[in-house]
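Engineer: So the chains spell out like this:
Protein chains: 2
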Amino acid sequence: MKILGFTLTALCAALGVHAYNSAYDLTLNRTAMNSSVGHETNRPLIHYTPRVGWMNDPNGLFFDEETSLWHVYYQYKPDALVAGLPIFWGHATSKDLTSWVDHGVAIEPADDVSGAFSGSIVIDRNNTSGFFDNSTLPGQRIVALYTEDSSSKQSQFAAYSLDGGYTFNYYAQNPVLDINSTQFRDPKVIWHDETQRWVMTLALSQEYKIQIYTSKNLKTWNFQSNFSHYGFLGYQYECPGLSKVPVLQSVDPNTTLASNNSSSVDFKWVMFLSINPGAPTGGSVNQYFIGDFDGKTFTADDSASRFVDNGKDFYAMQTFSDTPTNEVVGLAWASNWDYGAYVPITPWKTSMTLARNLTLRPYKPNPESSQLTLYSEPIIDHSILNTTQSIKKASLNLTTEESVFYHLTKTAKGLLEFTLEWKVNATAITSKKSPAAMTFNLRGIEDEEEFLKLGYEVNSGAFFLDRGISDLDFVRFNPLFTTRLVHFLEPYRIDQDGLPVYKVHGIVDKDIVELFFNDGSSTSTNTFYMSEENFLGTVELSSSVDDVFNVLNLEIKQLNTM
Amino acid sequence: MKILGFTLTALCAALGVHAYNSAYDLTLNRTAMNSSVGHETNRPLIHYTPRVGWMNDPNGLFFDEETSLWHVYYQYKPDALVAGLPIFWGHATSKDLTSWVDHGVAIEPADDVSGAFSGSIVIDRNNTSGFFDNSTLPGQRIVALYTEDSSSKQSQFAAYSLDGGYTFNYYAQNPVLDINSTQFRDPKVIWHDETQRWVMTLALSQEYKIQIYTSKNLKTWNFQSNFSHYGFLGYQYECPGLSKVPVLQSVDPNTTLASNNSSSVDFKWVMFLSINPGAPTGGSVNQYFIGDFDGKTFTADDSASRFVDNGKDFYAMQTFSDTPTNEVVGLAWASNWDYGAYVPITPWKTSMTLARNLTLRPYKPNPESSQLTLYSEPIIDHSILNTTQSIKKASLNLTTEESVFYHLTKTAKGLLEFTLEWKVNATAITSKKSPAAMTFNLRGIEDEEEFLKLGYEVNSGAFFLDRGISDLDFVRFNPLFTTRLVHFLEPYRIDQDGLPVYKVHGIVDKDIVELFFNDGSSTSTNTFYMSEENFLGTVELSSSVDDVFNVLNLEIKQLNTM
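Chain order of the listed sequences is A and B.
Under the UniProt record's numbering, the first sequence has 530 at position 530, and the numbering climbs by one with no breaks.
Under the UniProt record's numbering, the second sequence has 392 at position 392, and the numbering climbs by one with no breaks.
What the hints contain is simulated information worked out from the structure, not anything from laboratory work.
Take these hints with a grain of salt, some might be off.
Because identical chains share one entry, a pair is satisfied inside a single copy or across any pair of copies.
No farther apart than 25 Å at their CA atoms in a straight line, the calculated lysine to any residue pairs in the SDA-like style are these [to be verified]: (1) K433 <-> D471; (2) K209 <-> R306; (3) K557 <-> I391; (4) K433 <-> K453; (5) K433 <-> E533; (6) K268 <-> N366; (7) K244 <-> A304; (8) K392 <-> D547; (9) K268 <-> A172.
Construct the entire structure; sequences and hints are all you get.
Structural biologist: See the structure below:
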């Protein structure tokens, strides 16, 4: 990460082994964690949030096979609710990607006018780096590569952990990669089996280049190629990452499970890339490109721009290193640089998204073409959650005469999961002079006049979301907090009667809603803010037209942690 | 254009010479034009609107050197306020691109379940087509190429005019290009001098291909190449167009006019492309790609996605053929397919944008790079406008203590032109915990509580627009009418004191606002809707921070047609 326009009064950066001697009390957040602070009722239940302080991009994601723990690090400023220097790597672990343990600061910058900026972690099983001896299990030979942001430049540092990722030793010969640039950051390292090399992608940010370097030992890096000027450019490139993503050839909702089992599994390479600011929807956005990688050069299949998520709050997604069965699991920052510092939440600011399982699948964006598309499925361990209430309806014909209400308010904690599948009979639209919309409002339990408005409009073919119906000044008056979002949706499947069917799977967790359309062919992640403890708990289904919408399936669960 | 999801009860299309015998009264709009209809006070003064009926994409734009008239055709359904079949080419002319004369229908489809879809016009000076004899002046040998949309396919038709573009004869051997596709449309034809060929670009829409064909006679077309899978794909490609755009090498606002005069003039080819639906901001959007063209193949310089305009209401831009000095002048539909049919305006629906002069210039999107960018400057003939009131201020330091109001209400007709240039001293921001915003509200003259909120926020580096502050139900409740827009802005120049200066030039014409940032390096065109006759007439400048914003120049003119 780079704080836009942040100007530093120059101070030399003491490179080499860190002797961090800051005015900041790094025990602050540990103390705070153990006490009851602030508005805990607003804290998401299954999305990671730091106990106190500012958090942004996820860093160093990896899975520890020895402990079966998922490790998440992140850009962290424990003593502030806004980004600035110094910035650290915070650290959290999860055994299920659904519940989280906060471990406070893990990696520090060299001094208090520098930053331990974004980066990644790999497991150096074969000790290519020489950082380890036999006292460290191969599966716990943890090496972090990250950007040290100083007043004079951004260079790449290495650090390693001998205790399973809780504390780090800084490599004495840092930096490991330095091209004397102030805009060179966010190394994501992977092991490329075919060439038996480590591969680093990082951003030469303001030149719109993703640079690719290779190494045998994580210490000496050789430039191989640039992948540049792809996608939406915005102000600058940030947080690139290369992943080998499984291609599921046949995932057709019309076919039976048996035929799905015969799917072949193949792989394609995907380059992820974030830009900020300058997203077309404002602020931050995460893009991806599908292609091939030969160990040195990434070649995109085409020149199309595609977004990982179409919401306003999904940035800097990183994938986990060393996942158990090589599945591709990613997680992003669930906020936006345009307003993350201003959201009406204390004593922490911002959350991560849920972890997502990522695959590539053939997808029909229209009747005449098919293309590989990134599918995202949320990872939730339901075994650690109670369903406190649930509603299930089928074959509900919507009319203009009445709205259908379902109240889920018994023990509302603000955690809802829903699936809505609907069929559209466009021939029943009698006039195109007004929208033909189904609305699926999620209303507050204390005040139903605050609500999240979701829905689908037939003539535009679009799913819409309005997060602007709130009493909070932040929502009403911050013009950067764009409230209405529109997302074009292709049919999930065509029913036996020839009518299109659409599907959305949603997770609401206090002030975050993640929407997964059509099994995850597109997604939209957005934060929303309502009056304190006015959690969403009442569902309202209505239609502006008669006999156009048939809800084939509606399932809503109110969940709670055990 | 293609109406999404429009299903036709199949009827064969009578190809060949048209014998149009419709139930529609094509004289309807001519009659209506001569009477006083509906809410004429809401009609834009210098943006083209049809007198009655539905209008969308501009078509067949050309300049007639014999009459010095600019001709604009457009997708037109005179008897409806929503798109549908049959659809026609409407026609208007202008001597100054500021005032408009409506001529009603010019081109018809073959029958009333077909459409004369989008296309273009060229001047066939040398009579390559054989459509003309010496009775038609070379500069008035007008040939239209357009898509005939029938229930079975979309094929390309030719028609020619012997009376200066007011009526057309249909080529007896139509179609001139037919690949038996239902998604093949919007031919834009240019003369390529280097190869002495006509070049047609058109969309193989749902395959995301811009196809390039060449011809010697406008009748026989040979396939040359595809330009495919570039930019944001959306649901489908529409309205491509290739233009040879002047490159102004040195346009530096810090240099004097004298040094600007020494600029070299060169050219690059630009491919324009519209997509709808599926824009990241919802619905329709217009993209462009800069590159080279050898007469057969367009090669983009890079794989970046760029938008012609960043607002919600700018679609299907086309450039004028045969402009007087080969300047590139374009004009777009100032609406969005997501909601164009629902806007609270009668008895016509939707407007065109102002014409724009288009050039390519070096532009610095950030401190470390420079790239060619499309610059757009509005074309307004001020000689036909009166300035009824004007305000000019310089060096205005904004504080949190008071807002500055200027009232322009004497003879308000809703036509305003303004220039705002401001300097930002970010070091005066005392806290990053809240936005550092300058707002430039344009308030209604009848009800100041309805207003268009514009402004700039320093921490995000973004210009914002909120068109949601209105009493109208359409604005308040239509979720597809996204209200808040955010547009990242680079400095226009750096002042002598090292501080960044930004600039916006705006034109408000009843319910349309067109914003041109930094001499046109980016633009944002948006419609907005307020209570009847509540035209914008009061300007309010305010700041959420002290001493950060200095307005170097503010000029506002209230204009009227003579």
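Engineer: Given identical chains, is K433 near E533, meaning Cα to Cα at most 25 Å, within a copy, between copies, both, or neither?
Structural biologist: Classified as between; 23 Å across copies, 40 Å inside a copy.
Engineer: Go through the copies and call it for K209 and R306: within, between, both or neither, with a Cα cutoff of 25 Å.
Structural biologist: both (17 Å within a copy, 17 Å between copies)
Engineer: How would you label the pair K392, D547 (within, between, both, or neither) given a Cα cut-off of 25 Å?
Structural biologist: within (21 Å within a copy, 57 Å between copies)
Engineer: Using 25 Å as the alpha-carbon threshold, which applies to K268 and A172: within, between, both, or neither?
Structural biologist: For K268 and A172, the Cα distance exceeds 25 Å both inside one copy (37 Å) and across copies (51 Å).
Engineer: Reference check for the pair K244 and A304, CA-CA at most 25 Å: within, between, both, or neither?
Structural biologist: both (19 Å within a copy, 23 Å between copies)
Engineer: For K433 and K453, with the copy left unspecified, which applies at a CA distance of at most 25 Å: within, between, both, or neither?
Structural biologist: Within one copy only: 22 Å inside, 28 Å across.
Engineer: Can you tell me if K268 and N366 fall within 25 Å by alpha carbon in one copy, between copies, both or neither?
Structural biologist: Only inside one copy: K268 and N366 sit 23 Å apart there, 33 Å across copies, limit 25 Å.
Engineer: At most 25 Å between CA atoms: does that hold for K557 and I391 within a copy, between copies, both, or neither?
Structural biologist: Within one copy, since 7 Å is at most 25 Å while 59 Å is not.
Engineer: First find the shortest C-alpha distance between K433 and D471 inside one copy, then the shortest across copies, and answer within, between, both or neither for a cut-off of 25 Å.
Structural biologist: Close across copies (20 Å), not inside one copy (32 Å); limit 25 Å.
Consistency note: the structure conflicts with earlier hint 9 alone.
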